[in-house]
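Asker: Here the protein sequences line up with chains L and U, keeping their order.
Residues in the first sequence are numbered consecutively from 1, following our numbering.
Residues in the second sequence are numbered consecutively from 1, following our numbering.
Among the hints, erroneous ones may be present.
Stated by the list, open to error - The list that follows gives simulated cross-link-like pairs (lysine-lysine, BS3-like), each with its CA atoms no further than 25 Å apart:
1. K31(L) x K109(U)
2. K77(U) x K139(U)
3. K180(U) x K109(U)
4. K190(U) x K77(U)
5. K31(L) x K180(U)
6. K190(U) x K180(U)
Worth flagging that the hints you see were computed from the coordinates, not collected in a lab.
The chain contents come next:
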Amino acid sequence: MSQSQLEQMRAEHPASSPLSIHDMTVAYQRKPVLWDIDYDAPAGKLVAIVGPNGAGKSTLIKAALDLVPRISGMVLMFGQQYSKQRQRIAYVPQRGSVDWDFPVSARQVVEMGLYRKIGWFRPVTKKYKQQALDALDRVGLVDYADRQISQLSGGQQQRVFLARALVQDADLYLMDEPFIGVDAATERAIVDLLRELRSAGKTALVVHHDLQTVREYFDEVMLLNMRIVAAGAVEDVFTEENLRATYGGKLALLEQVGHRMKLSEMGE
Amino acid sequence: MTGASRNSSRLNLMLVLVVIATIMAPSLLLAQETRTVSDRLWRTVSLQDYNTRIVLMGTCLLGISGGVVGTFMLLRKRSLVGDVVGHASLPGIGIAYLVMESMESGSGKSLPGLLTGAFICGLCGALCTLAIKRYTRIKDDAALAIVLSIFFGVGVALFTIVQRMSTGNAAGLHQFVFGKTSSLLANDVKLFAGLAVLVIVVTIFLFKEMTILSFDQEFAHVQGWPVLLLDSLLMGLIVLVTVIGLQSVGLLLVVALPVIPAAAARFWTDSLRTMSWISAGIGGVSAIAGVVLSATFPLLSTGPMIVLSGSLLFTISMLFGTQRGVLTRLRRLRLSRIRHGRLDLLRACYEHLEQKLPEGMMLHSDQMTDRMLTLNSLLSRRTWKPARVQSLLNRAIRDDLLLRKGEAGYQLTEEGATRAVRAARNHRMWELFLIRYAEIAPSHVDRDADMIEHVLSPDVLEELETALGQQYPHLRVPDSPHTI
Numbered sequence: 001m002s003q004s005q006l007e008q009m010r011a012e013h014p015a016s017s018p019l020s021i022h023d024m025t026v027a028y029q030r031k032p033v034l035w036d037i038d039y040d041a042p043a044g045k046l047v048a049i050v051g052p053n054g055a056g057k058s059t060l061i062k063a064a065l066d067l068v069p070r071i072s073g074m075v076l077m078f079g080q081q082y083s084k085q086r087q088r089i090a091y092v093p094q095r096g097s098v099d100w101d102f103p104v105s106a107r108q109v110v111e112m113g114l115y116r117k118i119g120w121f122r123p124v125t126k127k128y129k130q131q132a133l134d135a136l137d138r139v140g141l142v143d144y145a146d147r148q149i150s151q152l153s154g155g156q157q158q159r160v161f162l163a164r165a166l167v168q169d170a171d172l173y174l175m176d177e178p179f180i181g182v183d184a185a186t187e188r189a190i191v192d193l194l195r196e197l198r199s200a201g202k203t204a205l206v207v208h209h210d211l212q213t214v215r216e217y218f219d220e221v222m223l224l225n226m227r228i229v230a231a232g233a234v235e236d237v238f239t240e241e242n243l244r245a246t247y248g249g250k251l252a253l254l255e256q257v258g259h260r261m262k263l264s265e266m267g268e
Numbered sequence: 001m002t003g004a005s006r007n008s009s010r011l012n013l014m015l016v017l018v019v020i021a022t023i024m025a026p027s028l029l030l031a032q033e034t035r036t037v038s039d040r041l042w043r044t045v046s047l048q049d050y051n052t053r054i055v056l057m058g059t060c061l062l063g064i065s066g067g068v069v070g071t072f073m074l075l076r077k078r079s080l081v082g083d084v085v086g087h088a089s090l091p092g093i094g095i096a097y098l099v100m101e102s103m104e105s106g107s108g109k110s111l112p113g114l115l116t117g118a119f120i121c122g123l124c125g126a127l128c129t130l131a132i133k134r135y136t137r138i139k140d141d142a143a144l145a146i147v148l149s150i151f152f153g154v155g156v157a158l159f160t161i162v163q164r165m166s167t168g169n170a171a172g173l174h175q176f177v178f179g180k181t182s183s184l185l186a187n188d189v190k191l192f193a194g195l196a197v198l199v200i201v202v203t204i205f206l207f208k209e210m211t212i213l214s215f216d217q218e219f220a221h222v223q224g225w226p227v228l229l230l231d232s233l234l235m236g237l238i239v240l241v242t243v244i245g246l247q248s249v250g251l252l253l254v255v256a257l258p259v260i261p262a263a264a265a266r267f268w269t270d271s272l273r274t275m276s277w278i279s280a281g282i283g284g285v286s287a288i289a290g291v292v293l294s295a296t297f298p299l300l301s302t303g304p305m306i307v308l309s310g311s312l313l314f315t316i317s318m319l320f321g322t323q324r325g326v327l328t329r330l331r332r333l334r335l336s337r338i339r340h341g342r343l344d345l346l347r348a349c350y351e352h353l354e355q356k357l358p359e360g361m362m363l364h365s366d367q368m369t370d371r372m373l374t375l376n377s378l379l380s381r382r383t384w385k386p387a388r389v390q391s392l393l394n395r396a397i398r399d400d401l402l403l404r405k406g407e408a409g410y411q412l413t414e415e416g417a418t419r420a421v422r423a424a425r426n427h428r429m430w431e432l433f434l435i436r437y438a439e440i441a442p443s444h445v446d447r448d449a450d451m452i453e454h455v456l457s458p459d460v461l462e463e464l465e466t467a468l469g470q471q472y473p474h475l476r477v478p479d480s481p482h483t484i
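The shape of chain L in the complex, shown without the other chains:
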């Protein structure tokens, strides 16, 4: 990103926003999955990212974090490039993204959130072990600290991931489907935790699949289906009309365009 681009983007997006996405397009194997995403996350709010399967919800988060390449567009976090703000961002990946058979304990997974702070070559000292335990305590798993992670239930595994993000003491939390496949107790624990984060002035963007709980859990919502259909306060944006636009027939049209682009490129 050149300096002038950065300046231009800073002028167009509020510097106070924890996450600003400017004209971002992302494609897998030439087929676009996200089009022209332009978004500013409000500070200190809980934001749900909602949309049908294949709408690019997870991709949005991953592209913002440089985990998948962007075709175009820019991302700023707290008014700066992501590489300069890493310590202020915490990422909670989907639970299914790792091998839970891995020979580590719950505490050791949480410690991974501290590895960067600990630095190259150094071992995990007592001080950091205690921090990991404290984070596990916050998600109600301190009694399970020394369990191997495959012996935890799905909900408990999700909470271990949350603890790993908590221990980083970040300002922006990006969570990919934390509520999927968890038990009632875990769902409640996550919601309580999100509210705790909000009252501490933190921001959370959460990929969410359950439309019924959006109003109850979140302040803001982003309706996403390859492009942003609508984004804003839940009471303004989370309308039946917008939902129909997100989940309804529009998907077919965008898919057609994407398919045609792919065909024309292959013809070259």
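Using the hints provided, position chain U relative to the given structure of chain L.
Answerer: Below, chain U alone, put in the same frame as chain L:
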């Protein structure tokens, strides 16, 4: 006594002697053989030969470094990459030989040069698989197979050229295919040992970094770890171990050095650190065992002996490993069967006694301990075989949950009654829960958790208890048999 009879008795004596000699001769020979075997064994173990000492030390370090790197290789799911590296190093050896020969005739067999070639080519092979996987739609296994066979094919072709070109001199290169430890020279071993120590030290220093890379690569990336660099480093370590192992184990078997100890170690522990130690230990021990065996029985070459010793330790680990060994798993399965059987039996007891109650009556546990149960009354509660019920009953008597009364009668003990109520209550609570909250029913919740209260959130539990009280008034909450 006549002369003839004296002659015949002398003949008899000679015959007996011949027979004894025929029987003794092989055993004498055998004794000689055993003596040389034990002698050789002793010479090896007591490190009398300078050469043995050197080879033992070098191979042992190689085994240890293989075990250490193997842990991460296994966890990063790169086991087959080791095989690719081994095979892909072959053209490297050929090219290195040709290059060195062309620079100075006769210098082609310098080991450091050959190994450098092997290292570079092995690394290329590994990178090729990663590139194919990343930039094409060819899947992992196919990419590995393709790279392995192409590199190996090129290697074999090169070797043919090398052999035709120079007279006999290049034949020694073939030892890389099957390995030949005894051909090691002290200087070579020192080089290997140095490299092995390097591998071990790097892995120990980067333990934390390798852990996060192997467990959750994306998270490592988001945290700002240079994932590509770390991944290349791990790959470099794998290639290094493989290349050091080439000379002693041969490229066909070299993948066993890191993979077998690591896989064996996983059966013993759920901790990464312990797993690395055990893996290093198994690697070192099987290397030593291999060298000792082949020094004792000169017909057996070292490489296969190392691998076979490793396999033996692997088999033992697979069977008896304390964390995931087959026998441990079977025992756990048996325990859980016993537990389920006991719960089934207690619940059947409860249901039978409950059925005899007049409508709306409370069932007290002292009533339960008074009443008689029979095999037949329990049989009708479920579809289960008499033999199974009988064995469950016998076990329950041993566990002091039931008492035998008369010929075919049983009575619950106080402990048994308390547990029966709890079993029935938990079961019904779960049924209610599944019916009411089916859409959020957790798939991972332990269904026979003794204390349902600990699994569900308080408000859900309260609602379920109210519903349960209405449906089954006599299923009151029992006093906990033990402190919570």
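Asker: Hint check: K31(L) vs K180(U), CA-CA at most 25 Å. Holds or violated?
Answerer: 53 Å, violated
Asker: Does K77(U) sit within 25 Å of K190(U), going by the straight-line distance between their CA atoms?
Answerer: 31 Å, violated
Asker: Would you mind confirming whether the straight-line C-alpha gap from K77(U) to K139(U) stays at or under 25 Å?
Answerer: The hint holds at about 14 Å.
Asker: Has the given pair, K31(L) with K109(U), been kept, meaning a C-alpha gap of at most 25 Å?
Answerer: Not satisfied, since the Cα-Cα distance of roughly 53 Å exceeds 25 Å.
Asker: Has the given pair, K190(U) with K180(U), been kept, meaning a C-alpha gap of at most 25 Å?
Answerer: Distance of about 16 Å is within 25 Å: holds.
Asker: Assess, step by step, whether the Cα of K180(U) is no farther than 25 Å from the Cα of K109(U), and give holds or violated.
Answerer: Given pair K180(U), K109(U) holds - Cα atoms ~15 Å apart, limit 25 Å.
When the structure is compared with the earlier hints, violations turn up for hints 1, 4 and 5 and for no others.
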